[in-house]
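Protein sequences appear in the order of chains A and B. Taking full-length UniProt numbering, the leading residue of the first sequence gets 1, the next gets one more, and so forth. Taking full-length UniProt numbering, the leading residue of the second sequence gets 1, the next gets one more, and so forth.
Calculated directly from the structure, the hints in this document are not laboratory data. Predicted model, so just to flag it, every value in this text is computed and none were measured. It is possible that some hints are incorrect.
[Unchecked claim] With a cut-off of at most 25 Å between alpha-carbon atoms, the simulated DSS-like pairs for lysine-lysine come out as follows:
1) B:Lys336 / A:Lys336
2) A:Lys73 / B:Lys73
3) A:Lys73 / A:Lys172
4) B:Lys172 / B:Lys336
5) B:Lys336 / B:Lys176
6) A:Lys318 / A:Lys400
Number of protein chains: 2
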Amino acid sequence: MVRQAQSELATTRSITHPRQPARRQLFAQTAAAAAGLAGLAAAGQARAALPVPESNLRPGTPIPENEYGMPSKFEAHVKRRRTDVLVNKQNFSDWSFTPVHQQHGIVTPNGLIYERHHNGVPEIDPEQHRFAIHGMVRQPLVFTMSDLMRYPSVSRFYFMECSGNGLTDWLKPAAKTVQQTHGLLSCTQWTGVPLSVLLDEAGVDPKATWGLAEGADGSAHARSLPIKKLMDDALLVYATGGEMLRAENGYPLRLFIPGWEGNVSIKWLRRLKMGDQPWHLRSETARYTDPMPNGKWRQFSFAMEAKSVITSPSGSMKVQRGPVEIIGFAWSGLGKIRAVDVTVDGGRTWRKAELEEPVLDKCLTRFRLRWNWDGSPAKIASRAVDSTGYVQPTVEDIQKVRAITGFVQHHNGIFPWAINTAGEVSNAIA
Amino acid sequence: MVRQAQSELATTRSITHPRQPARRQLFAQTAAAAAGLAGLAAAGQARAALPVPESNLRPGTPIPENEYGMPSKFEAHVKRRRTDVLVNKQNFSDWSFTPVHQQHGIVTPNGLIYERHHNGVPEIDPEQHRFAIHGMVRQPLVFTMSDLMRYPSVSRFYFMECSGNGLTDWLKPAAKTVQQTHGLLSCTQWTGVPLSVLLDEAGVDPKATWGLAEGADGSAHARSLPIKKLMDDALLVYATGGEMLRAENGYPLRLFIPGWEGNVSIKWLRRLKMGDQPWHLRSETARYTDPMPNGKWRQFSFAMEAKSVITSPSGSMKVQRGPVEIIGFAWSGLGKIRAVDVTVDGGRTWRKAELEEPVLDKCLTRFRLRWNWDGSPAKIASRAVDSTGYVQPTVEDIQKVRAITGFVQHHNGIFPWAINTAGEVSNAIA
């Protein structure tokens, strides 16, 4: 079979290919190689046209006992990375960024979900972990993990984004790659128990309006959350992407608040205290607030508004003349993505991108647009519209309602990439 | 904040809990512990009721440079496993099974996607890899990986199942766990190029009716496939679950044939040859065929028909009296899952299970049913119905149209689990 096929492959020859200039050269080289072997038998020429790979000629690696697989050694460059723009003095309170330009589809691999810790990653034994609901409830409750895992669970696809995603790149370029401008963004299927079920069991006092969620980490990171959201779609999550949480993502238990800034989805969750007002914690006064034009600071701006970014071509990539597929992500913390427009001329004209199914609520949506790059300088960007009708703003639009001074949270502005005549792509925010 | 909360937690006390018998005991123990500290201050009692975890008292582990994350050490038991039922003399042609009972949601983690190799896992450098389309085409084509990755891609959620999934358990129990009865089953989002796009470029001869797909592995595993399916929804896949293929799943390129037996989705794909008849290869004569009652063997039974299985409770698990959530997977290679029925009395009566969205074509669908186990012996099973109206059969139904002798492929029969008075769950196929 294989040998017969090899000689047939001798018919494989150089072709011109209108849509793939790069390939034309490939075939020229292949033909030259074949010509160099003109004196050999057909099978010989076949090998020149399409050599039988070494891997066909010997057994591969057998299956190990009880294995958990890892990526190919040829993909070792695909990693979460710390920022080289905003360098911390220490790395206990730190970030690592998802390589969104290397993500295929909408599911972020568990090993690449972005990290944000306020005092490092705790090691928690699930047998020892407890979760409590207390405060303004009829009946305080304490749960073990095995208690929680007996409850009916749900699995839902949602994005998660840090409120600081993009904060180094408001008014002039700072980061080079989309991993560093937009990599505090991940998407996965979250599995856990609807919080409303447990709050109903505890019997929340009708006067309770807020809940305090606190983690079991070294910073005891905590946030105040309005009861309306807690009863709506908040989840007590123990699994993502098909398996139990990774330690850095809250193992064994975390809160997940769909569509809201990531820091409220408290990891390593140990308690939820119900009360009748917010607690005004450090993360609600010194952090995670937005400066307003009048000099005041806005608290509790939880929802991540509609946003999108082109992930390919993106910063530090190089494009070739001819067909280019422009792809990216769009998402909204307030609903589904309704449309994405793409410009290749710096915003003068916009074209509708194709959205890939499934398009889900509060979930990453893939958009794609076919483009033919003629080699002249170009500025490309995307603009998302969500199911509420909200249109992703420009930075100029945002400046009309907020003060942009230094590192500011909640940057959902339209983000442009520049392509020069050499095909080099760079951050064009300005 | 934290200290104040601790003293408030002293109010946490033992309760009875109608829906969670296990928890009643937990609270009794907790109360006893608190009582043992009666002489201490409120804060002391608080710690007895809900001790401040060690993890709150010190920094955790900082973020490493350029990291690819791994599961928690407490989850080290969640692995792909080789079978202990059908032991191979050697493990170059072998299987490893997905722990479907430990999977949450519908996405199988890339490290746990089941494996089936005919001669081990080759190591292939993507720079060196080539894919050819030849045979009955107007223009033979050879592609590099970078050629292929410039094409417009699609990302789609599909299940993948080996035709041998369940072959040890037709007429009497052999395997103990659902990982070994049904673990040759995985589901992920597949990213790649529709094969139809490349076949159109090659210009398929109108007389061509079949294609031969061959891998670059040590077995040169190959299958004949009808052109209708190749032009319909076949994909040239380079990524799953958000990242490039793992070596054991075909890196850098594989064929994926949605809904059909896994062995036709040729891994490490190096060529597709178009022809006007099937090749009747070893994998189409000596393997992957079905014995019929008349003594003949059926070839080319590609589609995996509608099937389902309860993954929890399942073999080797233990259930407690009271509320039990019955959960499992349903799937069909011929469409979407329309309904899943569940029996808890060995098939005398059936109840509609809840299906979790999104319910996608040729994709795993999660079903759930609330059940209250009273402690008496029970036999539970699920039955899937797909969008074509096809109903998952019993083994007896299948025996009417096929010969079941020894290890037979394509077992989509209803699969029961028995629960004894001790709550122990076991394989009840018979």
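Quiz item: Which of the stated hints cannot be reconciled with the structure, identified by number in ascending sequence?
Solution: 3, 4, 5 and 6
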